[in-house]
Each structure stands twice: as C-alpha cells, then as structure tokens.
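Enquirer: Order-wise, the sequence lines are chains A and B. Reminder that position 365 of the first sequence reads as 425 in my numbering, one-by-one numbering, no gaps. Reminder that position 227 of the second sequence reads as 250 in my numbering, one-by-one numbering, no gaps.
It should be emphasised that the hints constitute simulated quantities derived from the structure, not laboratory data. Hints are supplied without guarantee of correctness; some may be wrong.
[Said to hold, decoys possible] Here are the simulated PhoX-like cross-link-like pairs (lysine-lysine), alpha carbons at most 20 Å apart as the crow flies:
1) Lys74(A) to Lys146(A)
2) Lys204(A) to Lys296(A)
3) Lys667(A) to Lys502(A)
4) Lys526(A) to Lys232(B)
5) Lys526(A) to Lys483(A)
6) Lys167(A) to Lys204(A)
7) Lys428(A) to Lys56(B)
8) Lys502(A) to Lys534(A)
9) Lys526(A) to Lys548(A)
10) Lys56(B) to Lys406(A)
11) Lys483(A) to Lys502(A)
12) Lys76(B) to Lys94(A)
[What the hints assert, rightly or not] Some residues of chain B that are not near chain A, with every Cβ distance over 10 Å (derived):
13) Val43
14) Ala44
15) Leu85
16) Phe96
17) Val103
18) Leu110
19) Ser145
20) Pro187
21) Leu189
22) Leu190
23) Leu210
24) Gly226
25) Pro289
26) Pro310
27) Leu313
C-beta: ideal position from N, C-alpha, C; glycine also.
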Amino acid sequence: MENTNDAKIVEMQKAHGPLLEVKNLAIDFTTDDKRAVHAVRNASFSVYPGQWVAIVGESGSGKSTSAMAVLGLLPGTGHVVGGSIKLDGQELTGLKPKDFDKLRGDKMGLVPQDPMSNLNPVYRIGTQVKEALTANNMDVAHEKRSALAKALAGEEADVELKGNDDETFIGSAELPALLDAAKAALAEAGVGEEAAARSMDYFKGEWVPGSETRWRVADDLIKAGVGEDKAWAIAKAHVTGSTMDDRIAGLLSEAGLPDAATRARQYPHEFSGGMRQRALIAIGLACRPDLLIADEPTSALDVTVQKKILDHLHMLTDSLGTAVLFITHDLGLAAERAQHIVVMYKGQVVESGPSLEVLQHPQHPYTKRLVAAAPSLASQRIISAHERGEDADALLEHHVVGEDKLEKSENVIVVDHLTKEFKLPRRKEMFKAVDDVSFSVKRGSTLAIVGESGSGKSTVANMVLKLLTPTKGKALYEGKDITALTGKELLEFRRHVQPVFQNPYGSLDPMYSIYRSIEEPLRIHGIGDKTSRAKRVRELLDMVELPESVMTRYPNELSGGQRQRIAIARAMALNPDVIVCDEAVSALDVLVQDQVLRLLNDLQAEKGLSYLFITHDLAVVRQIADEVVVMQHGRLVEHATTDEVFDHPKMQYTRDLLDAIPGGKLKLGLD
Amino acid sequence: MTDETKPSVYETLPGQERYVAPIDETPLQDVDKVDESAPATSMWADAWRTLRKNPLFIISGLLIVCIVFVALFPGVITKVDPNYCNLDNSLGEAEAGHPFGYDFQGCDVFARTVYGTRTSLSVGLLTTIIVVAIGTLIGAVAGFCGGWVDALLSRIIDIFYSIPFLLGAIVVLQMFRTSSSIWKVVLVLALFGWVSTARIARGSVMEAKNLEFNTASTALGSTPMRNLFRHIIPNALAPIIVIGTTSLGSYIVSEATLSFLGVGLPTTTVSWGGDISQAQVNLMTNPMVLFYPSVALAITVLSFIMMGDAVKDALDPKSRTA
Numbered sequence: 061m062e063n064t065n066d067a068k069i070v071e072m073q074k075a076h077g078p079l080l081e082v083k084n085l086a087i088d089f090t091t092d093d094k095r096a097v098h099a100v101r102n103a104s105f106s107v108y109p110g111q112w113v114a115i116v117g118e119s120g121s122g123k124s125t126s127a128m129a130v131l132g133l134l135p136g137t138g139h140v141v142g143g144s145i146k147l148d149g150q151e152l153t154g155l156k157p158k159d160f161d162k163l164r165g166d167k168m169g170l171v172p173q174d175p176m177s178n179l180n181p182v183y184r185i186g187t188q189v190k191e192a193l194t195a196n197n198m199d200v201a202h203e204k205r206s207a208l209a210k211a212l213a214g215e216e217a218d219v220e221l222k223g224n225d226d227e228t229f230i231g232s233a234e235l236p237a238l239l240d241a242a243k244a245a246l247a248e249a250g251v252g253e254e255a256a257a258r259s260m261d262y263f264k265g266e267w268v269p270g271s272e273t274r275w276r277v278a279d280d281l282i283k284a285g286v287g288e289d290k291a292w293a294i295a296k297a298h299v300t301g302s303t304m305d306d307r308i309a310g311l312l313s314e315a316g317l318p319d320a321a322t323r324a325r326q327y328p329h330e331f332s333g334g335m336r337q338r339a340l341i342a343i344g345l346a347c348r349p350d351l352l353i354a355d356e357p358t359s360a361l362d363v364t365v366q367k368k369i370l371d372h373l374h375m376l377t378d379s380l381g382t383a384v385l386f387i388t389h390d391l392g393l394a395a396e397r398a399q400h401i402v403v404m405y406k407g408q409v410v411e412s413g414p415s416l417e418v419l420q421h422p423q424h425p426y427t428k429r430l431v432a433a434a435p436s437l438a439s440q441r442i443i444s445a446h447e448r449g450e451d452a453d454a455l456l457e458h459h460v461v462g463e464d465k466l467e468k469s470e471n472v473i474v475v476d477h478l479t480k481e482f483k484l485p486r487r488k489e490m491f492k493a494v495d496d497v498s499f500s501v502k503r504g505s506t507l508a509i510v511g512e513s514g515s516g517k518s519t520v521a522n523m524v525l526k527l528l529t530p531t532k533g534k535a536l537y538e539g540k541d542i543t544a545l546t547g548k549e550l551l552e553f554r555r556h557v558q559p560v561f562q563n564p565y566g567s568l569d570p571m572y573s574i575y576r577s578i579e580e581p582l583r584i585h586g587i588g589d590k591t592s593r594a595k596r597v598r599e600l601l602d603m604v605e606l607p608e609s610v611m612t613r614y615p616n617e618l619s620g621g622q623r624q625r626i627a628i629a630r631a632m633a634l635n636p637d638v639i640v641c642d643e644a645v646s647a648l649d650v651l652v653q654d655q656v657l658r659l660l661n662d663l664q665a666e667k668g669l670s671y672l673f674i675t676h677d678l679a680v681v682r683q684i685a686d687e688v689v690v691m692q693h694g695r696l697v698e699h700a701t702t703d704e705v706f707d708h709p710k711m712q713y714t715r716d717l718l719d720a721i722p723g724g725k726l727k728l729g730l731d
Numbered sequence: 024m025t026d027e028t029k030p031s032v033y034e035t036l037p038g039q040e041r042y043v044a045p046i047d048e049t050p051l052q053d054v055d056k057v058d059e060s061a062p063a064t065s066m067w068a069d070a071w072r073t074l075r076k077n078p079l080f081i082i083s084g085l086l087i088v089c090i091v092f093v094a095l096f097p098g099v100i101t102k103v104d105p106n107y108c109n110l111d112n113s114l115g116e117a118e119a120g121h122p123f124g125y126d127f128q129g130c131d132v133f134a135r136t137v138y139g140t141r142t143s144l145s146v147g148l149l150t151t152i153i154v155v156a157i158g159t160l161i162g163a164v165a166g167f168c169g170g171w172v173d174a175l176l177s178r179i180i181d182i183f184y185s186i187p188f189l190l191g192a193i194v195v196l197q198m199f200r201t202s203s204s205i206w207k208v209v210l211v212l213a214l215f216g217w218v219s220t221a222r223i224a225r226g227s228v229m230e231a232k233n234l235e236f237n238t239a240s241t242a243l244g245s246t247p248m249r250n251l252f253r254h255i256i257p258n259a260l261a262p263i264i265v266i267g268t269t270s271l272g273s274y275i276v277s278e279a280t281l282s283f284l285g286v287g288l289p290t291t292t293v294s295w296g297g298d299i300s301q302a303q304v305n306l307m308t309n310p311m312v313l314f315y316p317s318v319a320l321a322i323t324v325l326s327f328i329m330m331g332d333a334v335k336d337a338l339d340p341k342s343r344t345a
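Chain A with its partners taken away, still in its complex shape (with noise of 0.2 Å):
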C-alpha cells in the first residue's frame, strides 16, 4: 500500500508539475560603501508539492538567502537581481510586498530559526497563533486542504470528501455532546463493553477540538463498529465548526504541544524552547500554506528535541500535503529528512539530486569534503588511539623532563563524588546541577562528558577549572583537591590545567589584538621577556596553523573557527597538561568543526594532552573521545569506552541520544 500510494504521489506531482521553481537566482546585497556583494549566484532547484527539499550548506553558503528571496524577507540592502522564482507558475521577483503578503501565510509559511527570539514576548502563544489566522482571514470552523492532501486522506480513509462540510472541525462546545452520542451508538452497535471503552479513550485522545474534521470523526466511528448511516448522522448532528480558541488550541496541539489549550494562554517565556518551535510551526502551518519554508529550525534545539520536532513535522506535513524547503548545515539531516538535497557553496549550487544519491556517491568535490567531514556520518576516532600511542609517550617522556620526577598516576583529574547546588530565585529548596558525579580523566586520553542542556556538564567542567566551588565532594588533579587550592598553588594549578570555551564570538577580548590575547598568559604567569614571548606566539600561531599576518589582527576580524583556533593557541601557551573544551566546536561549521577536531587530536597525539571534552553532541564523541560519560539531569548515566557506548550502549537514555543523532542511520557509499 504505501508503495502504491508513494506511486499515486508522484503520478499526481508529476501532473501538477514543481510547487516552487527557481531558476538562475542571483541576489546581490549593497554594502555601505555602495558596492554590489554577490551572495546567490545561478541558483537553480524545483520543490514539488508534498516534497521535502533541503538545501544544505555552510554559514555564507547563500542558502537562507534563497530561501528569504522565495519569501520576499530578504534583509535591507539585499535584492533579487536575476532569474526568476515560480510559485505555482506564479512570478515572484519582482512583486510588491503587498502582493507578497498576500502570498505568505496562505501559500507560504515559514518556520523561522530561533524559537527564542522569533515570539513576541509580550503577547500570548495564543494571540500570536491568532495573528496568523486573521491576517490571512482563515475559516477557522474549516479545514483548508490542498488536493494532495484530499487524494492523500482519500487513500487513507476510503472515503470520498463532499465538499467543505465534511471538513468541519470539532468544537469544543459540543464535543461532550458528541462522545455522549458515540458512546450511545457504540452501545446501540453491539460492540463489547471492553472494545466500546477501548474506542471510547481513543476517540477522547484523537477528537480534539479544532483539529479533527467531520468526517475523520465519522470515519473512526465506522472503524469502531458503528453503522455507516449512524456514524456519518452523528458527524454531521455533532461536528459543526470550530471556534476561534479551539482552532488555535487545535493547530498547537496538532503542532505536539500537550494541553494546548492552556498553552495557549501562556506567555512564551513559559515556554521551553522545544515548545517555542513547536509553537512557530503551529503558526508557520496555520493557514496551510502549500509550501513550508523551515529554516534551521531545530538547530538551537538539543538532538533528542530535534527529533522529536522534525519526526511530528515530518508526519504533519506529510498528512497536510505541504511542500517543505529545509535548510540546515547538517548533510547528515537533509539526507534524513529530505527526498532530493541541494548544496550550495560561495552563492552557487554546486550539487543536487536524491539525497541518498547525493550522500552516497557525492560528485563535486565540495560534497565529497562536506560528506567527509559531517560528524553525524562518521565512523571512528579521527586518529586511533593506538596509532598514536607510541609517538606520545616519547613526546610525553620529552615533556616531562625537567619538571619533578615524581612517579604519577595514570589518572591527571579525578573527580569524585562532585556535588553542586544552586539557589534558584524565589524558591526554597536547592536545585541539584550536579549529583554525585564520579569519573576520572586518564593521562594522554580524552574523556568527554555528553549530555543535554541542563544536564549539568558545563557546571563539573566549571568546577574542575576552579570557576565553581562544589557542594560536595572533590575535583583532583595530580592527586591534589581542586578547591582547596590558593595563591601560588592555584597559579600553578591554571598553568596546567587550560580551557577552551564554547562561544569563540564572547571568549577573546574584542579590545586585545590577536598577539595580545596569547600573549596574556604568558604575561599573567611572569614567563619570558618580550622577545621571548613574541616568539611563542609565533610558534603557537603556526601550531594552530594561522598565518603570522594575524598577530596585528582583532577577534571581530576573524571567523568563529579561527577565533577557536586562537583561543586554542591560547589554551596551549603555557604547555598544560589538560584541556578543558567546553562546547568548543559546537558553534562551527561541520568542515570548521571537523579542521578543529583534527587540530585537537594532533596536538593531543604531539604534546600527549588530556582532554576534557565537553559536548551535546554524541557524532563528535566518536570523532575524538576515549571514554564517554553521559549525564542527564546532573546525574551520570553511563560510562564506558567509546566504542561500548557506540555498540552496546546500556541506558535507554543513551539509546536516545544515539537514535538522535541525524543520519546517524544512513549507510554511505565511501571508499
């Protein structure tokens, strides 16, 4: 069935003809001293209806450019200069923005990128849904569906739709009323008493109020048992049109919120940022638009949240006929979510075609290194460990001369049974961040810590830099108590032990030049003369392979992967024997990313570093983690290898997060 269905599709796309067509795109932006900035160059890709189409690409790629030109929301000094975007065989380059809003909401809508700033904060979720609905004067007792979403609802229910009546939602007046009657006419079928209460919880959990049409609710009863005749009576009698309220509780709920209702009335402060984007689709999809615009729209969000969202966006769109234009960065994702991927690169298209097409026998050789590089899609440790071992402990004997010759353990941090609390505002009891965590980091090896937000990571690397105090329990390194440390000793301890935090936009001082900001260090600990210093800057330049060109240069001048590379270089000034990398490659591009990676697992194999390694996402684990640590909700779930958590993870948790990971699942076609 689902094959002649998939079959009936492409029958019903290809006599429709593509949804959305672009054709040699060119946007130009106009930069203050009035010169022209090429930003999409001859970009050319069709979506047709009922299709996902991800367009995927690095931070500058020109991607969320198309896509806002689709829209009419390109920013300020950007405009379409060339080539011509079809919606429906309608022009739109060069329409006014009146006519685009005539457009937007009811033939397209968008999924915008952070949930977090893209609500008003003043008004409710509720009021925000509305807002959508009545700017585009929506029938809010009606379902609107486009003609693949008939054909489509015909394949799955049998049942010929009559017109707009039968598209009648449920209210929530009369949905006591109508349980009553399905129950009465359940009873009146015959239907045991057992299969009659099974049908009746059913109903209660799918009847829901401005979201379920007439004839679903006849077509559940005939499946329950009632007769024909009776079940379409009881539609009709009770199912006549929904109000304003239950269609937004409706669209919400439709949209996965639990208890929409009440969500509705909330502020979206109230909301996490799971249920914001939720809450954004609801909006994006409330005036069924035939082609949905999503971008990046789960990339703020946790990996197990970005499942979630994107397998009930998948089911939704899929059930309303809508189109979907997908842009994220993750090829591992597009691949997942998407028939048919496009990839651009510098503006242009370089490549696009079937997604497993594209992802198995990549061509151009910007998707050969895209392919390469994506974490999601990796295989293994960068380096393997063993390959690496001998040459870092000859390196490690090297640095270790001149330093007391103390036999040391095999363990340099050892945490043990960490506690931390805090204080939450307004609330008596403590709230826990961390639980009794217990794990230690082997010399030469890199430990990471994977979790989700709140799961308390960030707060035990704190601690283990001294940023924290704990609560309870003790961080070690070399044997020594963390907290306890002071003065001299402290000095010592932060000479050894070094960060490398997530944001590489907030961690270099914006007002020190490039030479400064490594040189600090070195300045703070009284090490070398200027001349003296100016050479290891030198070095530690050409170490995290920068020109020396940069050492004049500021933070705002560069990019986040080199900015994390300077912060690198900084990290690696005074020769410590750990790092501590707090989210450090979160923030990049998957090929920046991956050159990070890299950078990190050479010096690690070079100056037999440990590492730290602080990080939600389980892809990167396996690209440079020896031991794994997973915790959830501050408490450790499980630790092992690497390769265990891989291949025989133990908790369910960690099944999920390994589930999660996009494209995780997807077998390439690499040599």
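Position chain B relative to chain A; hints supplied.
Expert: Frame of chain A, contents of chain B only:
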C-alpha cells in the same frame, strides 16, 4: 560507481535530475582561510575610519582645532588687552583694530570674546576630565562589586541626582564668593556632574563583567582586579567617552549660566557668561555686544555636541538611524 545505485522509492521528477556544477565555476577554497588582504582593525581603528568619513566629525573637528588654538594663543589673534577698558569708548562702534566694537565699560568686545575662549574651554575640559575619572571609578566599582557596595553607591548616586543642579550649584558657590579661581566652578560642576557618568559606567561595567572573556582570563590565572582594569573597563569605555564628549558642551553652558547669574566666575575673569550678563543691560540699544560672546559660546558648544554625536555613531554603529 561500481555498484548499482539502489533505486529510490521516489522517482526523479523533471527539474530534479542529478546536477553537478562544473568545478571551475566554484573553485574550492581552503577551509576557513584567513583573508590577509583586509587591513587590520581594532575597535578604535574601525571607529577612526568611520569618523574620518563623517562630515559632522570633520566640521566639528576643524572648529574645535580653531577654538583650541584661540584658547591657547589668544595673543596671536588680537593684540588688544581685554582688560583695558576706556569709558570714552563705551558702546563704541566697530573700527579698525576693534572689529566688534566696544562694550558698556569701553572694553574691546573682540578681545574679550577671544580671551573668553580659554576660560570656557578650560572649565569644560577640566570638568569633563574630573567627571569621567570620578564617575568611571565609582560606577565601575559599583558595577564590578555588586551586592551591598553597589547598593550603597547607587543610593549615593540617587541622592546626588535628586538635588536640582542649578540650586545646588548656587548654594555651594555662595560659600566661595571670594575665590576668583575657575576651579571653584569646575569643582561644583564636577560635584553634580559625575553621577550621570557613574550610572553609565556602572551599567556598561555590569554588562562587560558578564562577558565570557573574563571567565576565560580567570581560568588563565588572572585575578579579579586585573580583569577589571585590563578587560572590563577598556570594554566599558566607549559609552563613557560618548557621554563625556557630549556633556563637555553642556558644562561650558553651565559655566556661562552660573557666571551670568553672578555666582560663577568673578567679573575680573574674562568669560563669555560674564560678558553676556553685562551686555544684557544694553540689549535694546546695542544688541551686537551681546551677540558676539553668545555666538562664540554657541559655536563652541555646538562643535563639542556634534563631535560627541559623531563619536557616538562611530563607537556604537547600532545607534545610527538608517
């Protein structure tokens, strides 16, 4: 492509065939290559580049250079002694060597206007320096320490805010009637002026304090005090400089106001405010005597306010109106 590609469930639709761009059209670049062609810019260098192109800055800059020159070397502009007054010349017309004529006392208006520049400028500059120094220090301490220190200092700032400036200045200056030094005016202006700078400094220090590079520095081994002076204050300086430049003009105006009211500088000191005050008696008959010092005052104040605006645009591009 040795193995047969598994046929996908979805048939390829027209317009969605496999496409690979010619490689020479989009040559690959090194990953994350440093653009070495662009000139190096710090925040200050960047601001300077923006400033250089701003006509507001050029005009006000030129004016300020002229004003400073006049203030430093009044003798070059006029050889006439501003304090030499001959009642014979009272309200005399302009004549050769005395382009602005004479005032009621018979003093040369041009000379007095020229020599008045120094007074106004010194008051403005000295007040600004003191205000910025004290305001930044107190504001930074309040913002950096937080807790009770912040609460205490903030209340002190509030108390100073609640005193009407003119009233307070008159009361304080009454106590030093006899002194003829410009310092009494400078100190009074500073006494009531530091609070606004302190408030701004406190706010921007609090903002800079939470930036991640401070944590990074601490982890490198830096002490809180070192962080404050090396990282936080330099990063919080921009708004302080902006308010300093803009308020310089207003201090000059305040000095003129106080002198006009007779509580500022004594009549023996040549100042625009004093001269305006003297000239008002003859406003109906000889408006030009009032005109010259007023215009000089207006031009000077305007220059500094324009400069402040330009600096603000350069240091905080977000505040610019498109």
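Enquirer: Give me the numbers of the hints this structure contradicts, sorted from smallest to largest.
Expert: 11, 13 and 14
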